[in-house]
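S.K.: Following the hints, position chain B against chain A.
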Amino acid sequence: MKENDVRFARFLLVVNGLVPLTVLGWDAWHHQLGANPVNFAILTTGMLALIFLMLTMLVTPLRKISGWNWIIFSRRTLGLFAFFYASLHFLIFFSFDRSFSLSGTLSEMVKRKYLMVGITGLLVMVPLAITSTNGMIKRLGGKRWRALHRLAYVAAVAGVLHYYMQVKADVRQPLVFAAVLAILLGYRMVVAAKAKD
Amino acid sequence: MKEPNKISAGDITDPAVYFNRRTFIRTGIAAASAVATGLVYRRLNPVATGTVDTPLIQGLVTPAAVAAADATGFRVAETETSLRDITHYNNFYEFSTDKEGVASAAARFETNGWQVSVEGLVSKPRVFDLDDLLKISPPEERIYRMRCVEGWSMVVPWAGFSLSKLLDRVEPLGDAKFVAFETLLDPRRMPGQRSDVLKWPYVEGLRMDEAMHPLTLLASGLYGRALPPQDGAPLRLVIPWKYGFKGIKSIVKIKLEATQPRTTWSECAPNEYGFYANVNPQVDHPRWSQATEQRIGESGRRPTLMFNGYAAQVASLYNGMDLRANF
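The listed protein sequences correspond, in order, to chains A and B.
For what it's worth, the working numbering labels the leading residue of the first sequence as 1, then goes sequentially.
For what it's worth, the working numbering labels the leading residue of the second sequence as 1, then goes sequentially.
Simulated from the structure, these hints should not be mistaken for laboratory data.
Quick caveat: nothing in here was measured; it's all calculated off a predicted structure.
It is possible that some hints are incorrect.
[Claimed, not checked] Cut-off 30 angstroms, straight-line C-alpha distance, at most; resulting in silico cross-link-like pairs (DSS-like, lysine-lysine):
{"#": "1", "chain 1": "B", "residue 1": "Lys124", "chain 2": "A", "residue 2": "Lys168"}
{"#": "2", "chain 1": "B", "residue 1": "Lys253", "chain 2": "B", "residue 2": "Lys199"}
{"#": "3", "chain 1": "A", "residue 1": "Lys168", "chain 2": "B", "residue 2": "Lys255"}
{"#": "4", "chain 1": "A", "residue 1": "Lys143", "chain 2": "A", "residue 2": "Lys194"}
{"#": "5", "chain 1": "A", "residue 1": "Lys64", "chain 2": "A", "residue 2": "Lys138"}
{"#": "6", "chain 1": "B", "residue 1": "Lys124", "chain 2": "B", "residue 2": "Lys177"}
{"#": "7", "chain 1": "B", "residue 1": "Lys199", "chain 2": "A", "residue 2": "Lys113"}
{"#": "8", "chain 1": "A", "residue 1": "Lys143", "chain 2": "A", "residue 2": "Lys196"}
{"#": "9", "chain 1": "A", "residue 1": "Lys168", "chain 2": "B", "residue 2": "Lys199"}
{"#": "10", "chain 1": "B", "residue 1": "Lys199", "chain 2": "B", "residue 2": "Lys177"}
{"#": "11", "chain 1": "B", "residue 1": "Lys124", "chain 2": "B", "residue 2": "Lys253"}
{"#": "12", "chain 1": "A", "residue 1": "Lys194", "chain 2": "A", "residue 2": "Lys111"}
Extracted from the complex, chain A is given alone in its bound form (with noise of 0.2 angstroms):
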């Protein structure tokens, strides 16, 4: 691929990972977002944040099986949308919820063990995004910023508990996100195991 082509690719990452968002706002401004408008875009942008999440780590496993080594370029912006949109989830469950009251929300979060994961899950992607440049992994070095980066693992795994955690009895779905998961850092296991006979 040619860095042309490359930028474009990039181009078109972004625009549909902001496809959700525009139709969450325009439902919203169009009041057609349900009879519980703040619990469906709470829902929806946890959705997409663990979503964005599975994708971002379905980069390197497809990568080195299929030997398609130009999609590498799309993990850092897969990996920032689920940043972006488990940050939404914060906010909009922080102001529309918890009428922006911290005490309200940390009171909140003491006490409910599913919020102390999510946050747990939020707060590790916090540097990772940080270290997203260019610049930051030359700082870091290589070596360094790849096992930093290893925290999406916990963040993944702390957002498909959080999920799971809160549903009432229907699990089928927090457990196809544990399914994807379990794959997907199963396969990491392997390859780990591999590498070191």
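M.R.: Just chain B now, with coordinates in the frame of chain A:
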């Protein structure tokens, strides 16, 4: 032999045209992909459509003197939730676990020939045809708060009559201490029952004094119309001071018993849902707070009231009872 075709300088596409064409194609690809992504999103998150066209209820009694009715709790003076929201935001796992998806999943649910068996510790057990059952007492409009255990609430103008009127008809025996209720079990008509998210059929129960309380409503309609399928057609229970899941839907069996009946949610998660399930802002769900609620149609949360605002009418039922232990 012919010489391979030579490309003359004039045949080469002008770079300006070539790049324009490329830009054009790329813009097209970007637009098409964005539309495709948008369509996938829309498919997963459809906008609620559809109206309610169930028959109007004839002879609905609406008490004129609201002030007098206030003490009974029959008509709460709060803004009614819109018909659209009441009929497109439903917890009815027999059709779908997606609250926004119940209406469409239940749209073709047929209730023709519906019967309700009232049995157990009664002197006159009987299988009622729905029409006969509904003739027991004229339908009254009751405007109740509805608080879901998930932390949201509505105000619903139901139509129906007190359950006590039906129970009086079958003459409960002295040793009847509880009433057990059962929803229809028919996976062909209720697709949600094909997966074992809950143990089917859905069952619920009340203590005898709770069942006989005038607020406990056997509802057959809302907004002056027969109940739409997604809200529990053709007959459901409404107990306004309890969390919504106690209001069992599409009832086929009512049985009076001597011992406390099992109930679906408390069997599914005994530490999270109890037999009583009285609305209580001081007793949190293990995983979330019950202190506040999202009233559907409002922005921001409002405080949840003890017994959902019906303490004056029902608190005496629970005198001396530890409501933390009996949640």
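S.K.: Taking the numbered hints from earlier one at a time, note which ones the structure violates and give those numbers from smallest to largest.
M.R.: Going through the list in order, the structure violates hints 1, 12 and respects the others.
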